[in-house]
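There are 2 protein chains.
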Amino acid sequence: MNFDHDPSDTASRRACSPPAHRRLADSEMDYSQEPTRPLTNFIVRNHKPFNAEPHLDLLVNAGTITPADFFFKRNHGPIPNIHFDQHLVYLGVADTPCNGHGQDNVQWKTFSMHDLMTRWPSVDIAASLQCAGNRRDGLAKVKTVKGVIWGPGTISNAVWTGVRLCTILSDLLNVPKDLLHDMVRTYHVSLEADDHVHEDCCYGSSIPLRKAMDPLGDVILAYKMNGEMLSRDHGAPLRVIVPGYIGARSVKYLQKILLQPNESRSFFQVRDYKILPPWVNSDNADSAWDSTPSLGEMNVQCVICTPSEHCTIKGAGPVSVKGYAISGGGRGIYRVELSLDGGKTWEPVDKIEQTPDPKSGMYWAWALWEKKVPRIRASDEIVARAYDSAGNTQPEMPIWNYRGVMNNAWFRVKDVAQLQPNM
Amino acid sequence: MNFDHDPSDTASRRACSPPAHRRLADSEMDYSQEPTRPLTNFIVRNHKPFNAEPHLDLLVNAGTITPADFFFKRNHGPIPNIHFDQHLVYLGVADTPCNGHGQDNVQWKTFSMHDLMTRWPSVDIAASLQCAGNRRDGLAKVKTVKGVIWGPGTISNAVWTGVRLCTILSDLLNVPKDLLHDMVRTYHVSLEADDHVHEDCCYGSSIPLRKAMDPLGDVILAYKMNGEMLSRDHGAPLRVIVPGYIGARSVKYLQKILLQPNESRSFFQVRDYKILPPWVNSDNADSAWDSTPSLGEMNVQCVICTPSEHCTIKGAGPVSVKGYAISGGGRGIYRVELSLDGGKTWEPVDKIEQTPDPKSGMYWAWALWEKKVPRIRASDEIVARAYDSAGNTQPEMPIWNYRGVMNNAWFRVKDVAQLQPNM
Chain A
1 MNFDHDPSDT ASRRACSPPA HRRLADSEMD YSQEPTRPLT NFIVRNHKPF
51 NAEPHLDLLV NAGTITPADF FFKRNHGPIP NIHFDQHLVY LGVADTPCNG
101 HGQDNVQWKT FSMHDLMTRW PSVDIAASLQ CAGNRRDGLA KVKTVKGVIW
151 GPGTISNAVW TGVRLCTILS DLLNVPKDLL HDMVRTYHVS LEADDHVHED
201 CCYGSSIPLR KAMDPLGDVI LAYKMNGEML SRDHGAPLRV IVPGYIGARS
251 VKYLQKILLQ PNESRSFFQV RDYKILPPWV NSDNADSAWD STPSLGEMNV
301 QCVICTPSEH CTIKGAGPVS VKGYAISGGG RGIYRVELSL DGGKTWEPVD
351 KIEQTPDPKS GMYWAWALWE KKVPRIRASD EIVARAYDSA GNTQPEMPIW
401 NYRGVMNNAW FRVKDVAQLQ PNM
Chain B
1 MNFDHDPSDT ASRRACSPPA HRRLADSEMD YSQEPTRPLT NFIVRNHKPF
51 NAEPHLDLLV NAGTITPADF FFKRNHGPIP NIHFDQHLVY LGVADTPCNG
101 HGQDNVQWKT FSMHDLMTRW PSVDIAASLQ CAGNRRDGLA KVKTVKGVIW
151 GPGTISNAVW TGVRLCTILS DLLNVPKDLL HDMVRTYHVS LEADDHVHED
201 CCYGSSIPLR KAMDPLGDVI LAYKMNGEML SRDHGAPLRV IVPGYIGARS
251 VKYLQKILLQ PNESRSFFQV RDYKILPPWV NSDNADSAWD STPSLGEMNV
301 QCVICTPSEH CTIKGAGPVS VKGYAISGGG RGIYRVELSL DGGKTWEPVD
351 KIEQTPDPKS GMYWAWALWE KKVPRIRASD EIVARAYDSA GNTQPEMPIW
401 NYRGVMNNAW FRVKDVAQLQ PNM
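Listed in order, the protein sequences are those of chains A and B.
Residue numbers for the first sequence follow full-length UniProt numbering, beginning at 1 and rising by one.
Residue numbers for the second sequence follow full-length UniProt numbering, beginning at 1 and rising by one.
Isolated chain A (complex conformation) (with noise of 0.2 Å):
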């Protein structure tokens, strides 16, 4: 496939290919750069690369729209410095499968951040982030896993504001509409970081090209977050938002856009973020690989954030149970139950919050619910679980997988203890 290419047009000069990424052995990560960040809203599960998710209050209580400093933070090596007026991403479209990460025969188009923020109009787009490991700890209690062991806050909610993904495609590929059509039903988008990994060259995904092209599915370039430019630890200068699909799929550090007739080869495409059968584990999961397929769409999520398990609330009285839901792929949270007695009684919430985008009407974004109860007893176990617009729900039980993926076993809290006056 070719370009028209017109020499005045800076949006889409022709570009030499993108810089290659020589994948660095650990000792060569340079971790000297790293951002400064106030840690005392969260969890650290790593320093290097950093990982660290935010304490489950503050959280809840942050609100719908997650601040920076609350939002859960995934790396997979150092935090790239990137220049943003220098910055270039290069867009291509492969004819044949690609299997690694240079492609000599594609003609590449490029564009700077001054062409994103000035050739193309911007959108709003309000979605919540949540990574394939959330409540990875749940698993890990069952047996060994691969992966951080995250609890349950590696989830955040912001709005991004970018440029819809399908407006560039459609604008600066000179693809025949009908050869698009038919591409859109088979094609992937490969989406690759300028930055280093220890997996990989580089963090690099892949989406489906239906859900880049679908009008309703809402998927940007983003470079600001919640009205504010990227930060470093969230993407600068630009990052992937894929709403609906789980974190990994966001690329941060966007550098390159291809579209191809396979998935990405990408050790977090094909070798990550994967539901390995529960008969899989480090012995034999190089066998399964391949044949287990990767990660999109989130599946039905419902987390308590407080009160928190072995805490003690001060003060008789009613207490305030909060947390949030979510599902994938613009599915709403339709109700959300509380059981106080491990799960054999339910009651409803007494609200969720949960707004769907104005424009596609998709519940991109988490609903976080609220229940007030009488009290609680250091004997209640509480659990929460959630439905979705499909009629999808929790599984009772965590369903161990290696990776420790998309757990989302109906959420428990035990041993709360309310201090009572007369006690």
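Simulated from the structure, these hints should not be mistaken for lab results.
Quick caveat, the model's predicted, so the values are computed rather than measured.
A couple of the hints might just be wrong.
Unchecked claim - Below, computed lysine-lysine pairings styled on PhoX-like, alpha-carbon distance capped at 25 Å:
no., chain 1, residue 1, chain 2, residue 2
1, A, 344, B, 141
2, A, 177, B, 359
3, B, 372, B, 344
4, B, 359, B, 224
5, A, 141, B, 344
6, A, 359, B, 177
7, A, 143, B, 224
8, B, 177, B, 224
9, A, 359, A, 224
10, B, 351, B, 414
11, A, 372, A, 314
12, B, 143, A, 344
13, B, 141, B, 372
14, A, 344, B, 146
15, A, 177, B, 224
16, A, 344, B, 344
17, A, 146, B, 344
18, B, 372, B, 351
19, A, 414, A, 372
Given chain A, put chain B in place with the hints provided.
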């Protein structure tokens, strides 16, 4: 909204309002013209109206495409006897929310069956229909439910031939493109049948316009099933096929298509086919309908079709356990697991056969799966569960709801005796 009108265009001739359907008393229902039906393949749940599901072993052994003689039959009234050549479908757009069955301010267009079959290209879509009440018997065991006590056989798969609804709407509705673009995000398509039912004036439902207009949504108006003209039991002369949705939305005997800003007000949209919360029963259902969303996409489902509970298998040697699995919204079945010990340990099934639509890539048709197990002991509890492409799986135990819909708990088969040669 007005249609431009070309009187020479038979396919868009301006029509009077569609015939109003008077609600009949039960005593007025005429069941004297029911089609003759071979019954041996079916468990008949009701004769008037006729409701029957195939025996599970026959269903699964009939193969991926269910012949009409094995396809479940779900009705709410007598089967209409519609004259193919005289049948007209009415199509309109309403500016304001529609509260009843008559919309005097709508400018209707009509098309005949001949128009439909000659004016627009036809497509074949393989899609499974599943009644939302499938497996209601499992919830009826928990507590009394309202509805036909279906087993797990109200699902079948067929190849439907018809015209894409989006093709017809784009062609016949002279709605400016920009306006249609906006309407897609908020409008619904009300679908009404030319029939009489016990619960309302006629059968009706609606789907979001976004589903109807999605080129990958594959909603069609079908006049053929498995290569034969539709039979009366299956909706002759015309039924809507809404792949990925509960069967209730695939309206038979289609007579009226109305684009409107609100969901259908039909009984079957607002007082039926909703997952009422578990604390709602016959006493307080009236207050819960309006606050409970109507069903669209199906949840993830998995059923063991053979062997069946309490059966005796003759002969030693491996036993073939077979079943079906499906999810909604075009999500594929990514894994099916089988347990012989009531869900303590799980193994993969040997094979899962599911074919995405060759054009859209969506999984509208069920997966048939099979596993050979060495033997089955009388004490074994055989359990099956599935996972879909969004990582959703099924709840372990049935979650009761008053209408008994969308039961997708783990499917269990007990008390299977295998006669051994030495017994």
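Hints broken by the structure, by number, lowest first? Hints 7, 8, 13 and 15 contradicted; others consistent.
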